[in-house]
Amino acid sequence: GQQVMQIPQYQHVQEGEDFTTYCNSSTTLSNIQWYKQRPGGHPVFLIQLVKSGEVKKQKRLTFQFGEAKKNSSLHITATQTTDVGTYFCAGWHNYGQNFVFGPGTRLSVLP
Amino acid sequence: DVKVTQSSRYLVKRTGEKVFLECVQDMDHENMFWYRQDPGLGLRLIYFSYDVKMKEKGDIPEGYSVSREKKERFSLILESASTNQTSMYLCASSPFLQEGQEQYFGPGTRLTVT
Numbered sequence: 003g004q005q006v007m008q009i010p011q012y013q014h015v016q017e018g019e020d021f022t023t024y025c026n027s028s029t030t031l032s033n034i035q036w037y038k039q040r041p042g043g044h045p046v047f048l049i050q051l052v053k054s055g056e057v058k059k060q061k062r063l064t065f066q067f068g069e070a071k072k073n074s075s076l077h078i079t080a081t082q083t084t085d086v087g088t089y090f091c092a093g094w095h096n097y098g099q100n101f102v103f104g105p106g107t108r109l110s111v112l113p
Numbered sequence: 159d160v161k162v163t164q165s166s167r168y169l170v171k172r173t174g175e176k177v178f179l180e181c182v183q184d185m186d187h188e189n190m191f192w193y194r195q196d197p198g199l200g201l202r203l204i205y206f207s208y209d210v211k212m213k214e215k216g217d218i219p220e221g222y223s224v225s226r227e228k229k230e231r232f233s234l235i236l237e238s239a240s241t242n243q244t245s246m247y248l249c250a251s252s253p254f255l256q257e258g259q260e261q262y263f264g265p266g267t268r269l270t271v272t
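So the sequence lines, in the order shown, correspond to chains A and B. Using the working numbering, the first residue of the first sequence is number 3, and each one after it goes up by one. Using the working numbering, the first residue of the second sequence is number 159, and each one after it goes up by one.
The following block holds chain B by itself, in its conformation from the complex (with noise of 0.2 Å):
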């Protein structure tokens, strides 16, 4: 079974704190995902990587770092956090994303930033 992990449930930071969120696979996926998602927005993509040390934007990477130094693990990075980042980050893997496969989730990670 595969299973994505968050590294927290819910967060709360002050406005301009460095922010890490950390998403660990353990099915060996090569790609892996950042999204958040907010109310009527669905789930945007921030970053995504397809293999270590890669990384992609997606459509709303301003503001935002990732990190992918092992395979199994993928970072999210605010810089400098602000309060339009409060939001629920969800992370998630794939095999091989051309090939039509599915993602799997992580639970999610409640970021208020305040």
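So here's chain A without its partners, still in its complex pose (with noise of 0.2 Å):
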């Protein structure tokens, strides 16, 4: 089936440091949605991308959306530990008409 992978699992850094996880779909999406998850919390959403080779950027996050509409990517500047939690993406597949999480990456900051 289709399947949303995400990497890396987990990531620890030094506040101040750099974080950027990569999100991969087996087939192709029709858009992909980032989420983020405070620890005790629930998932809440942060961006839609929608076009191919698509850029957005919010602050210190910028999210990428592949030119094959197959990955994406979430890359935060220069972490704070504002910004610990585990972070999602989920994408519609074109084909299979549902609607995919990845298992998310877990982001641990250090002051």
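No wet-lab data here; the hints were simulated from the structure. Note that the structure is a prediction, hence the values are computed from the model and not measured. Virtual Cβ for every residue (Gly too), placed ideally from N, Cα, C. Heads up, some of the hints might be wrong.
[What the hints assert, rightly or not] Derived DSSO-like pairs: lysine-lysine, alpha-carbon spacing no greater than 27 Å straight-line:
{"id": "1", "chain 1": "A", "residue 1": "Lys-72", "chain 2": "A", "residue 2": "Lys-59"}
{"id": "2", "chain 1": "A", "residue 1": "Lys-38", "chain 2": "B", "residue 2": "Lys-215"}
{"id": "3", "chain 1": "B", "residue 1": "Lys-213", "chain 2": "B", "residue 2": "Lys-228"}
{"id": "4", "chain 1": "A", "residue 1": "Lys-72", "chain 2": "A", "residue 2": "Lys-38"}
{"id": "5", "chain 1": "A", "residue 1": "Lys-38", "chain 2": "B", "residue 2": "Lys-161"}
{"id": "6", "chain 1": "B", "residue 1": "Lys-161", "chain 2": "B", "residue 2": "Lys-228"}
{"id": "7", "chain 1": "B", "residue 1": "Lys-215", "chain 2": "A", "residue 2": "Lys-72"}
{"id": "8", "chain 1": "A", "residue 1": "Lys-72", "chain 2": "A", "residue 2": "Lys-53"}
{"id": "9", "chain 1": "B", "residue 1": "Lys-161", "chain 2": "A", "residue 2": "Lys-61"}
{"id": "10", "chain 1": "B", "residue 1": "Lys-161", "chain 2": "B", "residue 2": "Lys-229"}
{"id": "11", "chain 1": "B", "residue 1": "Lys-161", "chain 2": "B", "residue 2": "Lys-213"}
{"id": "12", "chain 1": "B", "residue 1": "Lys-228", "chain 2": "B", "residue 2": "Lys-211"}
[As the list claims (entries may be wrong)] Not the full set, but computed from the structure, chain A residues with beta-carbon under 8 Å of chain B:
{"id": "13", "residue": "Pro-10"}
{"id": "14", "residue": "Tyr-24"}
{"id": "15", "residue": "Gln-35"}
{"id": "16", "residue": "His-44"}
{"id": "17", "residue": "Gln-50"}
{"id": "18", "residue": "Ser-54"}
{"id": "19", "residue": "Phe-90"}
{"id": "20", "residue": "Phe-101"}
{"id": "21", "residue": "Gly-104"}
{"id": "22", "residue": "Pro-105"}
{"id": "23", "residue": "Gly-106"}
Hints in hand, dock the two standalone chains.
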């Protein structure tokens, strides 16, 4: 079936370092969404990318959607302790007509 | 502000019991979802509903059923709870998934089956 993978599974960084998580789908995606889940919380929508090659920025966060619409990345510049949490990508698959979440990347930021 | 509420934050049930998890949204959303979240596996879709009385199976529907009698309410039912259904259950809603609308999640119910 359709799968969405994320790497790395865990990432520990020192505050101020950069962080990147990668999302890869086995099939083409209509769109990709990113969510953040703080420890003990629920997923909260961050952004959606729709176009091939699209890049969007939210302050220190940069999101990219691959040209083939099968992969995406989230890059955080100069991490802060408030960035701690699990970042999920999720995509709507064209042909399977279903919405699938990746397993998430858990980010720890050491002060 | 969209609000999605779930009936319980924590629930402990015995094996074989029938369990009801309730979810209510207040934004007149068409779509509602039930996920379970387990460490290392992310969010896995159990069922979703795109209209009242309509339901579609997700990736892991076995052992679960759902009910949507009113637009704002979506219930998840474990007919006979088993220990492997111990998990965090998350409900979500969205206006129109096909248009790529974001999903709004409830706080989750941590279910333990003993």
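Going down the list of hints, with the structure as the test:
About 20 Å separates the Cα atoms of Lys-72(A) and Lys-59(A), which keeps this hinted pair within 27 Å; it holds. Taking the CA atoms of Lys-38(A) and Lys-215(B), the gap is near 25 Å; set against the 27 Å cutoff, the hint holds. For the hint linking Lys-213(B) to Lys-228(B), the alpha-carbon distance of about 13 Å falls within 27 Å, and the restraint holds. As the CA atoms of Lys-72(A) and Lys-38(A) are separated by approximately 20 Å, the hinted pair is consistent with the 27 Å bound.
Restraint check for Lys-38(A) and Lys-161(B): the C-alpha separation of about 17 Å stays at or below 27 Å, so the hint holds. Under the criterion of a C-alpha separation no larger than 27 Å, the hint pairing Lys-161(B) with Lys-228(B) is consistent with the structure, at around 16 Å. At most 27 Å may separate the alpha-carbon atoms for a hinted pair to count; Lys-215(B) and Lys-72(A) meet this at roughly 24 Å. For the given pair, Lys-72(A) sits about 11 Å from Lys-53(A) by alpha-carbon distance, which is consistent with the 27 Å threshold.
With a C-alpha separation of about 26 Å, the suggested pairing of Lys-161(B) with Lys-61(A) holds against the 27 Å cut-off. Pair hint Lys-161(B) plus Lys-229(B) holds up; C-alpha atoms about 14 Å apart against a cutoff of 27 Å. Proposed proximity of Lys-161(B) and Lys-213(B) is supported: the alpha carbons are some 22 Å apart, at most 27 Å. For the hint linking Lys-228(B) to Lys-211(B), the alpha-carbon distance of about 8 Å falls within 27 Å, and the restraint holds.
The beta carbon of Pro-10(A) comes no nearer than 12 Å to any beta carbon in chain B, farther than 8 Å, and the hint placing it at the interface is violated. Checking Tyr-24(A) against chain B: minimum C-beta separation of about 15 Å lies over 8 Å; hint violated. Nearest Cβ of chain B to the Cβ of Gln-35(A): about 6 Å, under the 8 Å cut. The hint holds. Given hint, His-44(A) at the interface with chain B, holds; its Cβ is 4 Å from that chain's nearest Cβ, closer than 8 Å.
At a threshold of 8 Å, the smallest CB-CB gap from Gln-50(A) to chain B is about 6 Å, leaving the interface hint in force. Annotation: interface hint on Ser-54(A) violated; nearest CB of chain B at approximately 14 Å, more than 8 Å. Restraint check, Phe-90(A) versus chain B: the minimum CB separation of about 6 Å is within 8 Å; hint holds. The beta carbon of Phe-101(A) is positioned within 8 Å of a beta carbon in chain B (closest approach about 6 Å), and the interface hint is therefore held.
With 8 Å as the threshold, the beta carbon of Gly-104(A) comes within range of chain B, its nearest partner Cβ sitting at about 6 Å, so the hint holds. For Pro-105(A), the shortest C-beta to C-beta distance to chain B is roughly 4 Å, which falls under 8 Å, so the interface hint holds. For the restraint placing Gly-106(A) at the interface with chain B, the shortest Cβ-Cβ distance is roughly 5 Å, inside the 8 Å limit, so the hint holds.
Hint violations for this structure: numbers 13, 14, 18, all remaining hints satisfied.
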